[in-house]
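Visitor: Keeping the supplied structure of chain R fixed, place chain X upon it in accordance with the hints.
Chains R and X are the protein sequences, given in the same order. Going by our numbering, the first sequence opens with residue 1, and the numbers climb by one from there. Going by our numbering, the second sequence opens with residue 1032, and the numbers climb by one from there.
Read the hints as simulated data drawn from the structure, not as lab findings. All C-beta atoms, glycine included, are put in the ideal place defined by N, C-alpha and C. Heads up, some of the hints might be wrong.
Chain R is nowhere near these chain X residues, computed Cβ spacing over 12 angstroms in every case [stated by the list, open to error]:
#	residue
1	GLY1265
2	PRO1267
3	SER1316
4	ARG1320
5	THR1326
6	ASP1376
7	LEU1387
8	PRO1400
9	LYS1422
10	ARG1441
11	SER1487
Only part of the chain R face toward chain X is listed, based on derived beta-carbon distances under 8 angstroms [what the hints assert, rightly or not]:
#	residue
12	GLN631
13	GLY663
14	GLY704
Computed footprint of chain X on chain R, listed as stretches where at least three residues anywhere in the stretch have a Cβ under 8 angstroms from a Cβ of chain X [to be verified]:
#	segment
15	178 to 188
16	522 to 529
17	592 to 606
Residue strings, one per chain:
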Amino acid sequence: MASHVRRLLWSLLVALPAVALGSAAQAQQTTVTGRVTARESGEALTDVRVIVLGTSLFTVTNAEGRYTLRGVPAGTHTIRTIRVGFVEQKKPVTVVAGQSVALDFMLDPAVVVLQQVVTTATGAQRRVELGNAVATVEVASKVESAPVKNFGDLLTAKAAGVQVIPGTMTGAGARVRIRGTSSLSLTNDPIYVIDGVRMMSQSNCNGCIGVGGTIPSRVNDINPDEIESIEVVKGPSAATLYGTDAANGVIVINTKKGRAGRAVWSVFGERGIVDDNNDYPTVYAILGHAPATPTTARRCFLTQIADGSCIKDSTTSLNIFSDPETSPIKAGWRTQAGAQVSGGSDAIRYFISGDLENEVGPFALPEMSVRRLDSIGTKIRDEWDRPNALDKQSYRGNINAAVNPKLDMSVQSNFIKLRQRLPQVDNNVNSFFYNGTVGPGFKTAGPGYTGIGTLGQPLRGWAGFTPAEIFQTETSQDVHRFLGSSNIDWRPISFLQTRADVGVDFTGRNDFRLCRFAQCADFGTNRLGAARDVRSNLRSITANLHATANFSPRAWLGLKTTGGVQYVDYNENRNDAQGSQLPPGAQTPADGTIPLVGSETVLQKTFGIFAEEQAALNDRLFLTAAVRTDQNSAFGTNFQRVFYPKFALSWIMSDEGFFPKLGWLGEFRLRSSYGESGVQPGPNDAARSLEAIVTNIGNLDVGGLRSNRLGNAELRPENSKEFEVGFDTRMFGDRVNFEATYYRKTSEDALINQTIAPSAGTQVTNIRRNLGAIRNSGYEGLVTTQILSKRNLAWDLSISASHNSNKLLTLGVDAAGRTVPPIIGATIRQVPGYPVNGAWLRKYSWSDANKDGLIAVSEVKVDTGFTFAGYTQPRLELTFTNGLDLLNHRIRLQALIDHKSGYRLSNTEQSFLCQQSVGCNDISNPNAPLWRQARAVANRFVPVVTPEGYFEDMNWWRIREVSLIYQLHSRVAELLRSSGGNITFAARNLKVFTDYTGVDPEANYGQSDTQNTLLTAGPPSYFTLRLNLRY
Amino acid sequence: MLSILHRIRRAAALGAAAFSLGACDSITDSLLDAPDPDIINPADAANAESADALRVGAVARLRNITAGGEGAWMLGGLLTDEWKSSDTFSQRNETDQRRVQESNGNVQTMYRELHRARNSAREALNALTKYKPTPTANLGQMYFVLGFAEMTLAESFCNGQPLSDASTGEVIYGNPRTNQEIFAIALAHFDSALTLSSAADAFATSVRHSAAVSKGRVLIDMNRHADAATAVSGVPTTFMNIATFSLTGGNNQIWALNASAKRWTVGDSFDVSGLIRNAIPFASSKDPRVPSTGTATGTSPAGRGFDNSTNFIILNTFGRTDPTPIVSGLDARLIEAEALLKANDDAGMLAKLNALRAAPQSLGPISTPVMTSLPAPANHDQAITLFFREKAFWTFSRGQRLPDLQRLIRQYGRTEDQVFPKGTFFKGGQYESDVNFPVTIDELNNPNFKACANRSA
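Next up, chain X with everything else stripped away, as it sits in the complex:
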């Protein structure tokens, strides 16, 4: 009996061994084969067409960080006086109140999206360089996207933010930098964009003008106003690099968050709590550059916002699929005007501003009527105030108000108390003191980052 059992056990062992051999890799590989059609393998995208598709992806990112997302254009406007929160979400309310927490999810998304734009541009640059190096304006466009994202980061966030890189698939964390250092990096990228887009065709020209205007803007940020004026001088006033939208290709988020969701309402210089110091009356001034419907007090004809308590004011500039200029010739003229202002040429500055008012200007979906000339300011200080107020109307919700208010502190000697909204916050408490956004808490996962170096303008 025992010997039989031993034989059987041996046979079992042999069978198991045979089975193991039988179940060799080729069989198990077949059994475990799981090709997922949802996955796009990078190896399948190593060609010129894919490089161009990555370029399109980066341009889409650029749209996300401008009018296509709740980014610096919107949140920066909320931190200043362009927008007010008619929402119940604390993330927007605290931004409006200028007491942004480092855990603010909306700011976190804005911060991440800006870096995603950088990374997408770098990925596209890598691919274009390898698989489709010409026309070089494509590369120039990616340098423009890269520089624009970097410039926006430095204009929006505190000092001490890092620039990391994952464009090769491996994450390499960067070290904290000052915003001036980041402006310098952006400047270099705009220069690269200009170099690569020297051709005369329409696309290269658009890239070149975009890079020129952005270069001018970053030079202004760096307090190099004369250089800025030089940089933008060749850009025609009618030039626009626009973000476009469609029902199936993404909605204009200025419309989505304001007119559609009613979470944001157009800012004014007063509300139910009374006067908001330093705030421009964007809604009540009835300026044609910020056409709106609704009132900040009383019974607004636009009703209430999403929170059902804040008077709602609709911005009539942008519809669901209306185009929005990312950079424009108007910006170039305003840069030139500020250069004159900085050079104490108040009259020259005024002439520039009035020249813009003297003719219809396109703001994307709307054109402004001819407007009366501005009166001459009594002194340079008033000229400064006049310029920044005029610029605020021309550039409403296009991501320029926050860096402008910061520069009023940094470059024009004014205090936070003199430029940012102050007084009683209409949802309780007082306006606080934020002049930029904190780097959000998830950046702590970068071992090189500990905290903002400072929150000053």
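Isolated chain R, as found in the complex:
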């Protein structure tokens, strides 16, 4: 295999330059130099991109605003300058062979700041040339001025059509969905590309040791402080050239690069509070007696009071999570410090960064547990006292070298060291949320509650276990991760550019769980001691090679031809060692009496070839046609190759003569694109397989076999086709920028986990088939405006909106030509004509017929049939970002408010508690409103139950981010011996406005397509103070 790989790479390396060298002669070339400054201030502008149109030549200005373009062919050219925050400018220049020409630029500031160059699969490209919308997040400025703690925060409510549910515990990952749910059975996660290579971003966390649902995220390993910008490529219309796996969008990360000039140091320190201000459920108790036994105390449910079988004597309630004695909620903290240095010459530039981060989540041993452990002489370990924490170090070195006028090279390297831990939480009998919410509603002995646990510990209102035992289960994850990439840009002749990206993302991960002997919750064999040590190596290698030839056959026509290949090789290896029944003091699996080992391998490889042709007509009409073809190791044996075409148009209509010249309208651009992309099947989905088992027969452990996957030789990737059309316009003296987009995305050959009815007796419960079709369509809009711009008061406002409609078009037909029936789950169904993951429920009705203020079982009626109850994903999302600049921009106050609505969220927590515990509000609170009583009756007490009342209509607003930035006065900066800086006070997740009766509309664990609200944390609030200094 190695020889084949070598042959392929050599053929690529030789073939592409050969295209260039095929030129019989080269025109004589010369140099263009100049300086770029800001028109008003005369300040030198760094990082201005200077481009020779119609060629592959470009450069970037240094710290003095100077640039040099070498190898410019003799003749007349147009030079374009682009920089964020300034209006693009073009100038003609005529150069004579062998001579140097000077050309300076003075750029006008743009009123509304927009990113003008974006990164595409074929290289950097002007935004106006693209037929699709691309959302850009300017990270470098945002991390200094906003409460950004991890990568998920960078995306939350930042781009229309990008829905993020942030992780709700320290170290937990965010769930990201772009333009709806496209896949029924495969991941709907976007892919991530960092500095040109694929980055591991799997949300399923294979091999992670479960704590109940919350899982760490590899995406959050990436340090936001090292990122320059993020571009969100939203769907197949734009992501075609990223190939199989890109149908759910691509998140392109560009890290910071060095800037020519003196070394500029940037240091920062941040300190803050992490607090959990969510309202967790109160447990209620109605104490009473049966009519026949007045001296025997018992609990009463409201229904029993209603039917007279229980008579109320008293009521009580307890909220474990707000009582100082019992609550495990205690503010945590966050500390981060880092230093970055950037500089170099025009030939070699560097960016070096180091960052230390420590976050302790808002959970701790409560007072009662400290008391308990002290009383039995058990020393409290830090891990028990603070069971949720994260320690991270990130080091990055990026070097860019202009080896010669035709060759640029860059190397990016990032090493991350991470250690984090999570407590037992979520959907888990050992979960502290579980044990804190299913208790009796009082602290001492009472009906059905002794108040003393099986270890003799006072429970004080907790159910079976208290944090003293629960937090003794230590679950940690250690990560050593290296991301390295190298990019080579070679411009052998002026109109040809070749680029090679090679990179690796390697993660060594160690997941560990320990229950020492005679510790942890007294459940099952926990206290006999157990250790589990899972060691995983995850590695992704990317190799890209492409060449672009620029060609201007006419003055009005520019052509750009690109061809390339991509190879992505993903490999995951894992060993899992477990040992249980540990002797006292033992801490490793090897010490266990009962050993158990496991291993796992995941392999997935993709090879793609693509070609793209772009035409620019009069620099205002841009047409693109492209195709990519992929082969993938996960395709079925009867399916070899997939083709993805793409077409795009971008037309700056306002530059056309026929376009009406309106005073208020600056620029109007129409854009449209069509493209296809895919999502690859799981690595082993196509193969029929057996699995090995161990059983015991006649007191001997013996190995056996049984069938596992059924396999599917016809398996091919999902094919998503997307059409989008929209426009961008600048209005009112460029004070208002408005973008609107309509998209329509259809996933065909949708890979569907067709449920196999149990009577077939298969080990797998489903088979993955290319059956269905799913459509997402919707609108996205973005208004960015500078409402007021005075010296001492400026006001900018950005509003983004998106609306999504989703429909499962068909589930297809099976091999026998029969229509595949709907996929039926208990509350979620996949039914053609309805949205994916739609809620299907038995409806119920109620009335307090006897007006006694109580809902009796007889007063609730539940339908026998199931009906569609609504979407389970938000349809409408709105984001408002306001910024006020005061005192000549010395002080800035900004706030981000976001909104989601148009869906029903399963309040699984309340549903669970009111169905399975004794003290939920809806069944045991005498003040519970009738509608809450009714939904509990329908969910618990009637013969055929329904959770419909717990699928709540969602419509909520959140004050997501608020920050106050003070730019240091020069004298203050001097006192700190710095050249400048700022102080930022920032707050995150300040307040949510909602009628939702659960913990929070964004309470969630895991990253599945349907939100998991069961016994999980709500989002914490952050309050941080950050000092940024430059030297």
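Guide: Same frame as chain R, but now just chain X:
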């Protein structure tokens, strides 16, 4: 200039074409080669050894549907009076209350596991027939597993359940059948097992006795009591086909769910809500066949269950790795006793029962002491009650109580109200009326299945 560019573009096109040719299938096949060691290819298992390994896999499935999983032995006992839920999970609570929802996840697993046992047995039969046809008792054992799973399905679930097949790798969905039809299918499979295990060696004998006892049981289910007695007559009382366990090869789930997880507690005839009508006092009777620790009311010495509110009662029969009889000679004698009962020979029935009590009997990990003889029932109706109570103690948590209560309705003319637990349910509400399990909602993915034909016993 233009001609140069044209040439370059032609060269680029040629280069691309050359590249495409170069990147031929052999190269890309190598690039995309991803052999996963986790996968066992069926083609690598086409031999006698693998056929035997598939047989072992099917036997493991049999263990899963008996004492090795939360299956009919446990959930059936919860639906009746053998077990009570000391859990917070609604799936177990609603089963205990006899109002099982069609979305019940635990029942869904039980249902799926029973069919998995069928399918594994069929896969093993296919492989054994092809690669290792002798000894034929191996095939007989697979027919026994197949029949046992089918019998348990019909004893546990509603009428109208389908039997589908995926043993060749292709799913072929079956049509709904009555439980009597499924009993007939199981009977045929037990007959096949008997035919194939006629050899005299110990393994064949074990298979033969297992099939005989199970045949007797299914004949009882089919109301053919005399035939049942004939079928089991050659099985010695000491015979046991046991499920065995080990720390590394799987735990006894009766222990795991009761003693370890405390989610299940031994049933009794009363609890904090008072008397449970029709329920046998398994815990408070202190019968040596159901040794237990704990009380249903007051302060239980075993403490509280997992829900921290239900009095916990530990069954002392089974430890973590203790063996559990799947079928036994005791079962054979009880079948013979019931045949006598059905023939109105109450005295004969009593003699059979007392004969069992008169000698120590093995229940797997424990042996019973000699017990005093049972008094003669006053009439046939009392004889019926006596027999089923006595059988309940002998077969505690071995998957026989649910079909016995069903047969009391179906074959002995009693009503659901007279045989199943009734009254106030200790976790709220009343005991409802389920006498079997519904086919769970995911069976709706079988286009031939719409709903249970009926939920009657």
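Visitor: Does the structure break any of the earlier hints, and which numbers would those be?
Guide: Failing hints, ascending: 13 and 15.
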